[in-house]
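Colleague: Sequence:
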Amino acid sequence: EPVERNRLHLKTSAAQNPSRMRERLALLPYGLGSKSRSAFMVSQEGNAGNSHVVDRPGADIRYFADSAVNTMALSNEVVIRRLDDLVTLPADCSKGSAGAIALMKVDVQG
Numbered sequence: 077e078p079v080e081r082n083r084l085h086l087k088t089s090a091a092q093n094p095s096r097m098r099e100r101l102a103l104l105p106y107g108l109g110s111k112s113r114s115a116f117m118v119s120q121e122g123n124a125g126n127s128h129v130v131d132r133p134g135a136d137i138r139y140f141a142d143s144a145v146n147t148m149a150l151s152n153e154v155v156i157r158r159l160d161d162l163v164t165l166p167a168d169c170s171k172g173s174a175g176a177i178a179l180m181k182v183d184v185q186g
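77 is the number of the first residue of the sequence shown in the numbering used here; add one for each residue after it.
Keep in mind that the hints were calculated from the coordinates and are not lab data. Do not take every clue at face value.
Straight line, CA to CA, 25 Å or less: simulated SDA-like cross-link-like pairs of lysine to any residue [said to hold, decoys possible]:
{"#": "1", "residue 1": "87", "residue 2": "107"}
{"#": "2", "residue 1": "111", "residue 2": "161"}
{"#": "3", "residue 1": "181", "residue 2": "82"}
{"#": "4", "residue 1": "87", "residue 2": "183"}
Model the full assembly from the supplied sequences, consistent with the hints where possible.
Modeller: Put into structure tokens, the structure is as follows:
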């Protein structure tokens with residue numbers, strides 16, 4: 077989760093889980109993309125869950141929905157990483173093998 081405020085909420089929520097579950101959770105401060113780079117996150121005012129990446133501050137950050145223009149605000153600079161660069165899987169990724177990912181949650185916007 078690249079949006080700092082959202083990441084704090086997720087950490088607070090994850091802390092409510094039993095320790096055996098928290099130990100298995102990895103919350104990464106990155107956005108995912110086709111190449112590694114820096115970008116900027118913008119969020120809809122009053123709805124931080126509606127966020128997306130722009131290449132530079134000052135880019136057209138209006139968001140059109142329900143026939144209305146919603147104002148977007150620059151949230152923070154973020155690091156975009158390739159998933160292949162973050163996750164190294166063992167040669168044998170069979171169920172239960174060491175290093176296998178049992179579940180991955182990815183929030184895709186747009």
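Colleague: Just to be careful, I want the Cα atoms of residue 111 and residue 161 compared with a cutoff of 25 Å; is the pair within it?
Modeller: Measuring from Cα to Cα gives roughly 10 Å; hence the hint holds.
Colleague: Are the Cα positions of residue 181 and residue 82 separated by 25 Å at most?
Modeller: 15 Å, holds
Colleague: Regarding the pair residue 87 and residue 183, is the alpha-carbon distance no greater than 25 Å?
Modeller: Within the cut-off at roughly 16 Å; holds.
Colleague: Decide if the proposed pair is consistent with the structure: residue 87 and residue 107, CA atoms, cutoff 25 Å inclusive.
Modeller: 17 Å, holds
The earlier numbered hints are all upheld by this structure, with none contradicted.
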